[in-house]
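The whole structure should be built from the sequences, with the hints applied where relevant.
Protein chains: 2
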Amino acid sequence: MSSSPHVPYAGTRESNGVIQALLTDLYQITMAYAYWKSGKMNDKAVFDLYFRRNPFKGEFTLFAGLEECVKLLQNFSFSRSDVEYLKKVMPPTVENEFFQYLSEMTANEVTLWAVDEGTVVFPKVPLLIVEGPLAVVQLLETPLLNLINYASLVATNAMRFRIAAGPGKTLLEFGLRRAQGPDGGLSASRYCYMGGFDGTSNVLAGKMFGIPVRGTHAHAFVTSYNDLSEVKTRVLKRKDNSEEVDFVDLCLKWQKKLSAVMSFLTDQVSEGELVAFISYAQAFPDALLALIDTYDVIRSGLPNFCTVAMALYELGYQAKGVRLDSGDLAYLSFEVRKSWKLVAQKFDVPWFEKLTIVASNDINEDTIHSLNTQGHDIDSFGIGTHLVTCQKQPALGCVFKLVEVNGRPTMKLSEDVEKITIPGRKRAYRLYGHDGTALVDLLVQESKRAYVSPATIELLHQQYWKCGKVMRDLPNLEALRTRALHSMQTIRQDHKRALNPTPYKVSVSANLYTFIHDLWLQNAPIGELS
Amino acid sequence: MSSSPHVPYAGTRESNGVIQALLTDLYQITMAYAYWKSGKMNDKAVFDLYFRRNPFKGEFTLFAGLEECVKLLQNFSFSRSDVEYLKKVMPPTVENEFFQYLSEMTANEVTLWAVDEGTVVFPKVPLLIVEGPLAVVQLLETPLLNLINYASLVATNAMRFRIAAGPGKTLLEFGLRRAQGPDGGLSASRYCYMGGFDGTSNVLAGKMFGIPVRGTHAHAFVTSYNDLSEVKTRVLKRKDNSEEVDFVDLCLKWQKKLSAVMSFLTDQVSEGELVAFISYAQAFPDALLALIDTYDVIRSGLPNFCTVAMALYELGYQAKGVRLDSGDLAYLSFEVRKSWKLVAQKFDVPWFEKLTIVASNDINEDTIHSLNTQGHDIDSFGIGTHLVTCQKQPALGCVFKLVEVNGRPTMKLSEDVEKITIPGRKRAYRLYGHDGTALVDLLVQESKRAYVSPATIELLHQQYWKCGKVMRDLPNLEALRTRALHSMQTIRQDHKRALNPTPYKVSVSANLYTFIHDLWLQNAPIGELS
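For the record, the sequence lines run as chains Y and B. Per numbering that gives the first Met the number 0, the first sequence starts with residue 0, numbered consecutively. Per numbering that gives the first Met the number 0, the second sequence starts with residue 0, numbered consecutively.
I should point out that these hints are in silico values taken from the structure, not numbers from a laboratory. No incorrect hints appear here.
No distinction is drawn between identical chains; accordingly, a pair holds when it is met within one copy or between any pair of copies.
Restricting the straight-line Cα-Cα distance to at most 16 Å, the calculated cross-link-like pairs of lysine to aspartate or glutamate (EDC-like) are: (1) K56 / D365; (2) K236 / E94; (3) K36 / E229; (4) K43 / E108; (5) K255 / E313; (6) K36 / E96; (7) K256 / D266; (8) K123 / E58; (9) K43 / E229.
The structure is reproduced here in structure tokens:
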């Protein structure tokens, strides 16, 4: 009564959470064998990992996923069962010594240079520069790309939502159920927080990364209640002492009072919904945030919320607010706020009009821009599908290109001009203006190291891994989030706007340009270029 | 020198590969507490999991992810550290007995009815019907949705590529590097195979699920070689005996012969590329599949491939073919085949014109349709980004709706008519015509069980889990793939076509229809409906 996978299915990660070396493309293994067979496996190779275009028709990208890459290097090895599996799928002509070589492989001879995680980055500038034995670095290609591509994509997406919403709004990631698999959901929560979100609904992400977790109740909670007979215990204690009060009676009293003020009919509100809010309030008297669109926001959900909120207040508790999950969010948010103001004035409870309105109906970046244009009174957005699956563009096209072997720069010409690579080992500098604004990224050949004045010029690449050691602190998620928000502030507004943003300039130094041109001529079939 | 997550990061899965119970939304936990607090946690609830629209503007969906759901139920529990974490994030007023209740929770009182995995399914028909204690089933919502949503989406996407390419083409999934996280990549490989693909590049997926793995070499392999001096050993043994031959000389001899026949200039081909193919051939003499677009397909890549392939043949080996990863794939595939025919005739090697052409340049479903229209000579497609991230639509909107509590049907009205749920416990039947074609799915109230003649009517829901036991075989991936291809054959062609497909009919029985209408009237605020 069970399926029969070839091995116990333990997912993509080792017990320490690091992804397995075998999570790679078969051609990395076949190439490793060909390198080994022709004695090239220890050739000193340099690979650049970079992307060619910013995602989402934007002009910036937030770099994320580095910590997972460093941990991959730290843990990189093939288990005995991995090697046994490879023996089965590789042709029988493959020599046994190769499998021995694989089983002893580590990333200890690899050096990793990288942009700091949480930095805003641009096309063509390498995010990672990976140096080391050709066969080993080649094997790292797939897992490194996998770890950087989605992390950077979803962090960038989150930052775009942050920019759209503005700094004052609360942004919550609610995407787990629609994410691309369980780990996709966990990664989304992690990197959306890095990209400037304030919290997640994902409890495991909260536990693992210390991200604030948020959530109250669903429509099912409301529809599961039918009438007042279902209230198990009618009482609630006052906050300041232990006196028990008949909370249901108190709510019904407030329902009557409010119906006059808010002009709703007590026989039009859903009784099941009222009971659901009462039950929730009894469980979380200090945290009532009610989902009010199960039946009818204006005629039922909002009156029921105000009823229970005012009853709570009489016992010394303060409700949090409401969530809207359908309908015209701009209109409904104004209506809700209008009613709250009325109640605030009528009963002299000024805090009541400041309650929170959360909106969460399939919201994307454009929805937020459109809401901003129309005007709205929403305080917080709960964002799921569009955020975590990056619906606008679900993949970032990072590539991993060989740029040097044994000191010889290499270059791929390709049928597509866009796919031509920039050869040679290089470093990138970011030049800042006097006001701290990033002006340009400059790619230079490593040998031509310029004299740099550190106040205005920043070396983008830092050494993160060398000789089997982590060479630099890996900040925690909170620190990366702060860095990301700060890095975004150094980027000029016109690069960040949603509509027709200005491209940020990435320059290739004059020397490097000449060098690329020469190498092109040398590699191109005769007559192709002149 | 390391980050400090709150707990050791072990990913979303337990050591047995099953996802953790804590991979859920916080509101499931807060609702569970409110249910517990009001004594409703053991109310007998029925939830339907279904989707409202087929993905990709199509009219069918392939159901996948069931095995992972059954295993979730089998393993469902909160660990001590989970409960400790929840104590920290829940308000201090939450009673300790609730945490005790959580720590003892299992899914043993839950019953799961489901459509068989690998079946073609349609909107509104429940894929899962989950019955059991309200609080437990509520907690299952998020992980069940997460497991079904992406699995079914990517399996459907794979099936659409299969339909586009036709049964005769080889389809390979190459998406790991662009997938949404490591686990996203693994799930993609698994469910694309179920959806009719023939293999994957993902080695871990091969090891775990027995999927055939494929792959040869990348551009980096080609650019890592420069000239003939790099060949470590010039020899290759003949296949039929152990005689060693100077393989480099043999290749140069064939280069000369072929240059006349194929009209290429020997000083225009890239020497580095030739050496790369020679090295690859020495490592895999029976499996040369060369990537020929690193420099120039016609002037360099194709001549170099033919050179090495004919040299191999002289020693008794047969090459496999080429891969094209850029340029005009239709045109290039014709050019390649034309050259191969020439070689086949000239040297009397008929197999040579039947070699394989693999194409792999950012291919999507539309590319394949367009190639079919233009005509092409490609045998095999390697498909990455568009397949695994489902670029056309990266999320399937499955929902999980409460339809009954303690025998009372429930219904959500919502501000959006589309979001209205179908109340009550139901079952679905699929009616087939005499030729075995599916005609209609019929949703009926469970109590009105019709007399069914099994030759033409199929009950879609089977009991998969009850009283803590798996009630039905979970077939292996190979069997699910066969079932999926068979299930697709029962669906009429016009439902499957890419352009303007006909919607398949899902009917609600007359009794159920009347019942929904009555319940609506009963729940709607007075005056709303009549």
